[in-house]
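Asker: Each chain is listed here by its residues.
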Amino acid sequence: MAGGILVFLVWTLVPVYWILATSLKTDLAIYREPSLIPKQITLEHYRRTLFETPFLTFMRNSVEVAVVTTALAMVFGTLAAYAISRLQFRGRQWMARAVVITYLVPGSLLFIPMFQVVHQLGLIDNVVGLMVTYLTFTVPFATWMVTGYFRNIPVELEEAALVDGCTRLQALLRVVLPISLPAMAVVALFAFTNSWNEFLYALVFIGRDSQKTLTVGLIGLVRGDTFPWGPMMAASLMGALPPILVYIISQRWVVAGLSAGSVKG
Amino acid sequence: MSSDKRTRLTTRRQFLGAAGLGLIGLTALGACAPAAPPTPTPAPKPTEAPKPAATSAPAVAPTPTVAAAKPTEAPKPTAAPAASPTAAAAAKPAAGSGKLVIWGYQSFTPEGDKLLGEQMQQFGKDNNQQVEYVPVENAVFPQKLAAAVEAKAPPDVDMFTSPDRALYWQSRNQLVDLTDVWNSVSKQAGGFFESVLEVYKADGKYWAIPFETDCSPMFTRLDLMEKATGKREPPKTMDELYEVSKKIVNPPSMYPIGITLGRVPDTVGMMLNLIWCDGGAYVDKDGKKPAIKSDGTLTAVKRVQLWWKDKLIPPDSPTWDDTGNNNAYQSKQVAFVINPPSIYDWLQKNDKELLNNTTMAPLPAGKSGSFQGSGSWSWSIFKDSKNVDMGKALITYLMKPDNLQAVYEKVGGRWYPVYKDLKSKEYWTSRPHFKYYPDMIANGRAISWPAAPGAQLMQAIGEVQTNNVLADMIQGVLIKNKTPEQAVDEAQKAMEDTFKKYGLG
Numbered sequence: 001m002a003g004g005i006l007v008f009l010v011w012t013l014v015p016v017y018w019i020l021a022t023s024l025k026t027d028l029a030i031y032r033e034p035s036l037i038p039k040q041i042t043l044e045h046y047r048r049t050l051f052e053t054p055f056l057t058f059m060r061n062s063v064e065v066a067v068v069t070t071a072l073a074m075v076f077g078t079l080a081a082y083a084i085s086r087l088q089f090r091g092r093q094w095m096a097r098a099v100v101i102t103y104l105v106p107g108s109l110l111f112i113p114m115f116q117v118v119h120q121l122g123l124i125d126n127v128v129g130l131m132v133t134y135l136t137f138t139v140p141f142a143t144w145m146v147t148g149y150f151r152n153i154p155v156e157l158e159e160a161a162l163v164d165g166c167t168r169l170q171a172l173l174r175v176v177l178p179i180s181l182p183a184m185a186v187v188a189l190f191a192f193t194n195s196w197n198e199f200l201y202a203l204v205f206i207g208r209d210s211q212k213t214l215t216v217g218l219i220g221l222v223r224g225d226t227f228p229w230g231p232m233m234a235a236s237l238m239g240a241l242p243p244i245l246v247y248i249i250s251q252r253w254v255v256a257g258l259s260a261g262s263v264k265g
Numbered sequence: 001m002s003s004d005k006r007t008r009l010t011t012r013r014q015f016l017g018a019a020g021l022g023l024i025g026l027t028a029l030g031a032c033a034p035a036a037p038p039t040p041t042p043a044p045k046p047t048e049a050p051k052p053a054a055t056s057a058p059a060v061a062p063t064p065t066v067a068a069a070k071p072t073e074a075p076k077p078t079a080a081p082a083a084s085p086t087a088a089a090a091a092k093p094a095a096g097s098g099k100l101v102i103w104g105y106q107s108f109t110p111e112g113d114k115l116l117g118e119q120m121q122q123f124g125k126d127n128n129q130q131v132e133y134v135p136v137e138n139a140v141f142p143q144k145l146a147a148a149v150e151a152k153a154p155p156d157v158d159m160f161t162s163p164d165r166a167l168y169w170q171s172r173n174q175l176v177d178l179t180d181v182w183n184s185v186s187k188q189a190g191g192f193f194e195s196v197l198e199v200y201k202a203d204g205k206y207w208a209i210p211f212e213t214d215c216s217p218m219f220t221r222l223d224l225m226e227k228a229t230g231k232r233e234p235p236k237t238m239d240e241l242y243e244v245s246k247k248i249v250n251p252p253s254m255y256p257i258g259i260t261l262g263r264v265p266d267t268v269g270m271m272l273n274l275i276w277c278d279g280g281a282y283v284d285k286d287g288k289k290p291a292i293k294s295d296g297t298l299t300a301v302k303r304v305q306l307w308w309k310d311k312l313i314p315p316d317s318p319t320w321d322d323t324g325n326n327n328a329y330q331s332k333q334v335a336f337v338i339n340p341p342s343i344y345d346w347l348q349k350n351d352k353e354l355l356n357n358t359t360m361a362p363l364p365a366g367k368s369g370s371f372q373g374s375g376s377w378s379w380s381i382f383k384d385s386k387n388v389d390m391g392k393a394l395i396t397y398l399m400k401p402d403n404l405q406a407v408y409e410k411v412g413g414r415w416y417p418v419y420k421d422l423k424s425k426e427y428w429t430s431r432p433h434f435k436y437y438p439d440m441i442a443n444g445r446a447i448s449w450p451a452a453p454g455a456q457l458m459q460a461i462g463e464v465q466t467n468n469v470l471a472d473m474i475q476g477v478l479i480k481n482k483t484p485e486q487a488v489d490e491a492q493k494a495m496e497d498t499f500k501k502y503g504l505g
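Same order as they appear, the protein sequences are chains E and C.
Each residue of the first sequence is one higher than the one before, starting from 1 at the first, in this note's numbering.
Each residue of the second sequence is one higher than the one before, starting from 1 at the first, in this note's numbering.
There's no promise every hint is true.
[Said to hold, decoys possible] To give an idea of the interface, some chain C residues facing chain E are shown, with a C-beta separation under 7 Å as derived from the structure:
{"id": "1", "residue": "ASN138"}
{"id": "2", "residue": "PRO142"}
{"id": "3", "residue": "ASN326"}
{"id": "4", "residue": "ASN350"}
{"id": "5", "residue": "LYS352"}
Keep in mind that the hints were calculated from the coordinates and are not lab data.
C-beta atoms are modelled at their ideal positions from N, C-alpha and C, and glycine is treated no differently.
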């Protein structure tokens, strides 16, 4: 067991260490010294990344896009999930399936029609266009995830609230949501991570540096067949920090959320 | 029961109403996200764009006055534009003017992109025209352009990295005829190199204006040559290359022949060069039929097979992408690579010693001689542009020899002049690494050689290149253990299938 964990840790952490080590080597050493430990440590790549590239702009854009998308996905996803799991209306099952199907359509098929939509909205080259676009995959995921969770919450709890005078919305906000925090945490985390990592739409819809997110900004550092490995590694490492922080903060709820529904009480 | 049902119905409505309101509110919130620029530029080309001349006039009509208009009188941003980008951006466009949007591939240095952008801003300032230059990441440019064209929102002016890409869009009736611009700029500074003269022509008209030329010389480690042969000279024949490589090879730290063998453009270009050197070609003289099945191709394939068997090529080369040979040469793991001069720029910045021990030589001669391709990048204008005349004027301005030379110098040698006289500029003559370049460019072959380039032919070959037919051919021999004859037969078949789609073959 411990051996397995060790192998997994090495498997997972060595690439991260390699990124760190590369980011601390000089340009020449990156090509000439395939060593695990840099012989001469330099922070030059971090300096160049922070002060000679629009890295901070990319970072700010990524944070804004990911945070706004996550918040909207949670709101829309929760309302949709509640409707699907609790309300009786025609086409409910069909809608539930459609949500999953929507989530499964790959972005590579959608990017041209999406470009047309975003262009019609006048949001090309604008991070708001990305926020709108990212809702197309975060909302279905959130809806699907939260629907499953809501179905495991006894309906009697809400009925008791309704009897006590709550409206549906109040029942959702005061009764259902507080006990759904683990599911909310998972949804938030996945929405944030997916938005943070998204590449294709950002690449196609955004051209100006001032509007680029980190993933696209990073690839923009590549010049033809020349890779500035040092700055790219430094940027990758710094760019990975926000999702790591989010994971650390929400770890407790995430574990509970992922196991939700696995055992029915 | 009925009362309960009524209550439920009411709350559902309330619920849906609240959800709708929330949705509207949140959408508004999203739209007000702080990242939105103060003046977002949603529509690339407002309809009320300025029309410097009669835009209603057919694009074919020569408009030399327009093409050569203001930029000529403009303050010349030769070595460096006089106006700073900020100042240029502050210039107010004429009332009701639209933005001129230009998409370019990232050059090979940020400085090159910056200067190109500054020149465009200078042009905009001189012409009271709002201009936006967007350097696009190279790897995804085609997808991005395809999406924009599909949405009828292509850039006004667009950069292409090979003639077949320009002719591809021309064949889809997307480009503006640039014959008038061609006529006004092609004779400047000694005129264009011959290698670009015919490749942008289709239906008797020119559809793109080349602004640089390039080729893939053989980077050669002169110090290792000296150690092996006593002379600091590149190998002159393929046989010599083979012999000297056998002396240099020292696995695992040195596999001298650093050719790329992955399914990438570098492999395709390198294989075509080797095939030419041994007397083969993609097509026959008329350009009607694929002719990759030839003794020349077979010789070239067998040659690479021999290098591979003798372990003169790095064993991981079939997994390389286009950066593989750069990395290998820069890390001193190989002695020879065939590549455009992006390596030269890296050496200049990082390793003067290796630079001094390097030359960029013509390919060693095979059975037929020493030949290599010469490519070029170009500007075109999309038909959906509302700024055709302004676009033409911009291209004319960018094509001013001094403007071009200033950009070349910032791109670190990756772009070589398209005008013959510019090769005499001090920048080029003072760099011995480029001493073979004028001849290599002048004698550079188009991919359609020996046939004259034609729109259909260039597109067909373009597709063959995109499909990595030559890379598959050599990988078939080295990785899948096919015989050279089998692999060449399959390449011929793949080409014939592609050519049929274009009414050729």
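Asker: The structure should be examined with respect to each hint, and the outcome stated for every one.
Answerer: Outcome of the hint check:
1. Among the interface hints, the one on ASN138(C) holds; its C-beta lies about 6 Å from the nearest C-beta in chain E, closer than the 7 Å criterion.
2. Proximity of PRO142(C) to chain E is violated relative to the hint, the smallest CB-CB distance being about 11 Å (cut-off 7 Å).
3. For the restraint placing ASN326(C) at the interface with chain E, the shortest Cβ-Cβ distance is roughly 5 Å, inside the 7 Å limit, so the hint holds.
4. The restraint placing ASN350(C) at the interface with chain E holds, with a minimum CB-CB distance near 5 Å, inside the 7 Å limit.
5. Of the supplied interface hints, the one on LYS352(C) is violated, with its beta-carbon coming no nearer than about 11 Å to a beta-carbon of chain E, more than 7 Å.
Of the numbered hints given earlier, the model fails hints 2 and 5; all others are met.
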